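A.B. asks: This is what each chain is made of:
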Amino acid sequence: MSVEVRIPTILRTHTGGEKIVTGSGDTLSALFTDLDLRHNGLSGRVITDEGALHRFVNVYVNDEDVRFTGGLGTKLSDGDSVTILPAVAGG
Amino acid sequence: MVAHARRDHPDEACGIIAGPAGSDSPERLVEMINAERSPTFYRFDSAEQLALYRSMDDHDEEPVVIYHSHTATEAHPSRTDVKFASEPNAHYVLISTRDPETAEVRSFRIVDGEVTEEAVEQTGDELAVQTYKIGHTPTSIVYDCAEPR
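Respectively, the protein sequence lines represent chains G and W. Residue numbers for the first sequence follow the numbering used here, beginning at 1 and rising by one. Residue numbers for the second sequence follow the numbering used here, beginning at 1001 and rising by one.
Simulated from the structure, these hints should not be mistaken for lab results. Just so you know, these numbers come straight off a predicted model, no measurement behind them. Note that CB positions come from ideal geometry on N, CA and C, so glycine has one too. Take these hints with a grain of salt, some might be off.
Partner residues are not named here, just some residues of chain G that face chain W (Cβ under 7 angstroms, in silico) [claimed, not checked]:
| # | residue |
| --- | --- |
| 1 | I10 |
| 2 | N58 |
| 3 | D65 |
| 4 | F68 |
| 5 | L85 |
| 6 | A89 |
| 7 | G91 |
Distance ranges between label pairs, derived from CB positions [stated by the list, open to error]:
| # | chain 1 | residue 1 | chain 2 | residue 2 | range |
| --- | --- | --- | --- | --- | --- |
| 8 | W | V1115 | G | G41 | 20 to 30 angstroms |
| 9 | G | K75 | W | E1121 | 46 to 56 angstroms |
| 10 | W | V1115 | G | T27 | 33 to 43 angstroms |
| 11 | G | T33 | W | R1007 | 40 to 50 angstroms |
| 12 | G | R38 | W | D1057 | 20 to 30 angstroms |
| 13 | G | R38 | W | P1010 | 25 to 35 angstroms |
| 14 | W | E1048 | G | D49 | 47 to 57 angstroms |
Isolated chain W, as found in the complex (with noise of 0.2 angstroms):
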């Protein structure tokens, strides 16, 4: 999630991470277009939207995780998020990437208008998301994972 933000920065980047229905267990991230393209608001496009419901339907899986990025703000769901919030059993994690060192990483749940954080807990290579690098050349963009110092 944090390298697509990243990657698309100073666009807002959004998509899923789905899982078997019922089991609010996050398995498969799939990357949307944000329709968009801007740094303030994010929509999935129509057609990759129904194409990724009929994905999930058909492997009866549902969207647990539903991420987007905050690009100059913090990583907390904003006014306009709440108001668009349609999943009530999703979990809506926000990063933001308005440091370029580090990304804040923040999820909530939103139901009926009401936002509900939740703790995100690190399993992991703890520096694995902290020393990412990205490299651009004029017609591909490379990526770093250095190892943690």
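So that you can see chain G by itself, here it is in the shape it has in the complex (with noise of 0.2 angstroms):
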């Protein structure tokens, strides 16, 4: 099975600049564990060293944000579509 991962500029320096990078899992989490693989370092800019989704990180599956849909625990199908986009937040 193959996702799809967009990603955004600030962790491109993990893909090599590639904007777009496939991957393979189950769930989100699994998927997270394969592209660690080959771009080193990318899921801890996205998953806390307590295993959770960054608070401040947005990730979607097929537009729909995953705090909503299970979150790291996701699942995922052939074809789907995954998004990571930092918040824009601040004070």
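Two independent chains are provided; combine them into the complex using the hints.
C.D. replies: The structure is reproduced here in structure tokens:
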């Protein structure tokens, strides 16, 4: 199975400048483990040491914010599209 | 940007100005919802942000300016602003609405945690922003751009 992952500008240092990469996994968590094999350090920018999604990184699977679909446990299917967008925020 | 900031005061206002990728030219202003609705914090609504980035992608654009307002402090990036700055190519514009008569507008680059101020040059009608008037009725907000005296 194969999933397309859209990488924001600030994380392209981990993908050699690539805007879109591919990976596989039954869940979002598995996908990030897979991505890290080829793009070292990528998952560490999205997942905290405690194993949760960073509060200020938005991850979407097929346009749905994964906060509403089960977070890192979100199930993935072949052909799904995952987008990562660091939150635009400040104080 | 100033109109948006004044309208949303005392909550922080936020938005972007998109421009053609690589052009460094801000052309299309998009006001964004502050999902935090707070006088001290802002955050783009996550679904709105996705729609925005998709739209920019479709039009081969990127965020040239990312702006937000400070409602009680100076128009300078706070520690939080620096911590969350995630677009290294953008100009971060701060507008302070702490004074109801005068808006402070300043622009910064924020790259790898480093803040560099850049000059803002006013073009066009110098007094248009300073003479901006806002009228409120119970059901609508009316804008009056006064002619410079």
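A.B. asks: The hint says 40 to 50 angstroms between G/T33 and W/R1007; measuring C-beta to C-beta, is that right?
C.D. replies: holds (46 angstroms)
A.B. asks: Does the beta carbon distance between W/V1115 and G/T27 stay inside 33 to 43 angstroms, or does it fall outside?
C.D. replies: For G/T27 against W/V1115, whose Cβ atoms are near 39 angstroms apart, the range 33 to 43 angstroms holds.
A.B. asks: Taking the closest Cβ pair, is G/I10 under 7 angstroms from chain W?
C.D. replies: At 5 angstroms from the nearest chain W Cβ, G/I10 passes the 7 angstroms test, so the hint holds.
A.B. asks: Using Cβ atoms only, decide whether G/G91 comes closer than 7 angstroms to chain W, and label the hint accordingly.
C.D. replies: holds (3 angstroms)
A.B. asks: With a cut-off of 7 angstroms, does the beta carbon of G/A89 approach a beta carbon of chain W closely enough for the hint to hold?
C.D. replies: Given a least distance of 4 angstroms, the restraint on G/A89 holds.
A.B. asks: Would the hint on G/N58 stand, with a C-beta cut-off of 7 angstroms toward chain W?
C.D. replies: holds (5 angstroms)
A.B. asks: Have a go at the G/D65 hint: is there a Cβ in chain W nearer than 7 angstroms to its own Cβ?
C.D. replies: holds (5 angstroms)
A.B. asks: Hold the hint about G/F68 up to the distance rule: shortest CB distance to chain W must be less than 7 angstroms.
C.D. replies: violated (10 angstroms)
A.B. asks: Does 46 to 56 angstroms hold as the CB distance between G/K75 and W/E1121, or does it fail?
C.D. replies: holds (52 angstroms)
A.B. asks: Assuming the hint says 20 to 30 angstroms, is it satisfied by the Cβ distance from G/R38 to W/D1057 or not?
C.D. replies: At roughly 23 angstroms between Cβ atoms, W/D1057 and G/R38 fall inside 20 to 30 angstroms, so the hint holds.
A.B. asks: Using the C-beta atoms of W/V1115 and G/G41, is the stated range 20 to 30 angstroms upheld?
C.D. replies: 25 angstroms Cβ-Cβ, so the 20 to 30 angstroms window holds.
A.B. asks: Is the interface hint satisfied for G/L85? The criterion is a beta-carbon contact with chain W at less than 7 angstroms.
C.D. replies: At about 6 angstroms, which falls below the 7 angstroms cut-off, the nearest Cβ of chain W leaves the hint on G/L85 intact, so it holds.
Hints 4, 13 and 14 from the earlier list are contradicted by this structure; the remaining hints agree with it.
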